[in-house]
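Visitor: Given next are the chains, with one letter for each unit.
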Amino acid sequence: MTAVDLEPNADDLRRQGDRERWAMLGLASPAVLTVLVIMVLPVGWLFYLSFIGESGGFSLENYGRMLESKAYGRIFWTTFEVSFLTTGICVLLGYPLAYFFAQLPRRAAAVCMLTVLLPFWTSLLVRTYAWLVLLQRKGLVNTWAIDLGLWDEPLALVHNMTGTLIGMVHIMLPFLVLPLYGAMKAISGDYVRAAANLGAGPTAAFWGVFFPLSLPGLFAGSLIVFVLCLGFFVTPAVLGGGRVIMVSMQITTNIELFFNWGAASALGVVLLAITLGILFAASRLLRLDAVLGGGH
Amino acid sequence: MRWLDRPAGDTQITHRQRLWLYALAGIIMVLLVAPTIIVIPMSFSASQYLEFPPRDWSLRWYEHYLGEPEWLAATATSLKAGLLTMLVATPIGTMAAYGLHVSGHWLARWLFILLITPMMVPVILIAIGVFYAFVQLRMVNTLFGLVVAHTILALPLVLIVVGAALKSYDFNQELAARSLGASRLKAFLTVTLPQIRFSVVTAALLAFLTSFDEVIVAMFVSGGDNSTLTRNMFNSLRDQIDPTIASISTIMIVVSSTALVLAQLFGRSKS
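Chains C and F, in that order, give the protein sequences. Quick note on numbering: the first sequence equals residues 1 to 296 in UniProt numbering. Quick note on numbering: the second sequence equals residues 1 to 271 in UniProt numbering.
Hint data in this document are derived by calculation from the structure and do not stem from the laboratory. Glycine included, every Cβ here is placed at the ideal spot set by N, Cα and C. There may be inaccurate statements among the hints.
Said to hold, decoys possible - Simulated pairs of lysine to aspartate or glutamate, DMTMM-like, Cα-Cα distance not exceeding 20 Å:
1. C:K138 with F:E70
2. C:K138 with F:D56
3. C:K138 with F:D225
4. F:K186 with C:D147
Stated by the list, open to error - Stretch by stretch, here's where chain F covers chain C in the computed footprint (C-beta under 8 Å, at least three residues):
5. 73-81
6. 111-119
7. 218-224
8. 251-265
9. 271-285
What the hints assert, rightly or not - DEER-style ranges, computed between Cβ atoms:
10. F:D56 with C:W144: 41 to 51 Å
11. F:R2 with C:C112: 36 to 46 Å
12. F:N172 with C:E256: 34 to 44 Å
13. C:N197 with F:L175: 44 to 54 Å
14. C:F259 with F:L175: 52 to 62 Å
15. F:F52 with C:T162: 19 to 29 Å
16. F:T258 with C:L276: 32 to 42 Å
17. C:N197 with F:L189: 48 to 58 Å
18. C:P212 with F:L66: 50 to 60 Å
19. F:D56 with C:L67: 56 to 66 Å
20. F:R178 with C:N197: 15 to 25 Å
Chain C extracted, bound-state conformation:
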């Protein structure tokens, strides 16, 4: 046979391959359609609404208000403050914990890991409620601390920034520990052993070799925590007691109390822009697929 005879066959195959690629893509269509109709279209509509002023025409007043009003400035400041502090505390607590897990034999690590997975799988509302009960004036923490003589008067541990941070750190910690543990497990022990062989003490081997290698995992985990914090609602609403107002809570107020869709949408759009901006900036620094565990 000559090459000429094979050509129609090759064309056929290519067409068949194309058809199959499209057919397989088609399997995703129910999911894609649902996301498009239920999320993308409505959010797009909100984007449009955010540019409609009270007069009903195009206007930037919803965004202008954010720049002028001191109240809005404070809300954004609080949102960033809570997110930064939560992420910072999570790093301080989560790094040693993930390191501890990574040093354990696999079986022991799996058992200890349950202490991270159990809260991770438990309803966020239940955990927030638990902290509300524990931290209130006559709650367990105050009672025990006074009995032990740690402090004399019941402290205001909840309905303020302290309570919000305690609750948020508790909820966010698994989001930091899980990816960080994965990253630490992927670091070959050979590097640290090599450092030790070459005369590095435990401290030098850790800071000089292990820690730098674990940084991408730490970065990924912190990024997830920070971004999730930015849009947080339930925990600050319950444990903040009205003293900690974050962007998502202001959005709810704008709709539930004032029916002001324009203002709420503008806040939502800014929140989304900040979130996506941070994720985009981060994806330039590291492969986002690796963080989210998907992609091809």
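For this one, chain C is given, so just place chain F on it according to the hints.
Guide: Chain F only, in chain C's frame:
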């Protein structure tokens, strides 16, 4: 206590030098688990104030919960929404994961990103968007609306969990089945699916919990007869500390730990 002086890692560090790390990790692990666990005995307290340990035990907060038709209706709604979300999100998510994995099309990558965006977009924005759309479509306070909205929140998890399983699965097995005459669907159902079933079950459980535990979307689009358990809990938390919530929390903890245990059991048998 000789083990204290044995090397503890890849360097010459001993367990004794690491005691602080063990203590710190221990404290953090206790702090992670204790607050949730402590609610359970508290819910059996007889007093108006939640005590630990309770001085007198009673089931009064459970009776209170069971005697309130509103709470029971909300529980039924949450269970229904969770199950339906699971039944919708798992198949369409698995189909999407399979399709996007097999198709070598350049669009597949972008569709994957689109399908996991509900995880990255702040939930509050999705909630008010869905609310706005449902107001126009008269779908507010319907179970159908709630399930569709929860489905998009569950899809990213299904896609990621099942997608990861497909990546580690050897597709030559499916090709072998097809070259022996099985149709694509039959090859998937009889060869591929049994091998990724543990991940599919995990994904289904996650989808159920995503809906069952969801607060913000439910706050906007569920109400009246179709109010969810979490929505009612959240509303009563804003007012006062009702001990009935402790009994409901205990039930919710039992539901999620059951899901976790199931996932661990299924996940374990994979390796």
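Visitor: Provide an ascending list of the numbers of those earlier hints which the structure does not satisfy.
Guide: 1, 3, 4, 5, 7, 10, 11, 12, 20
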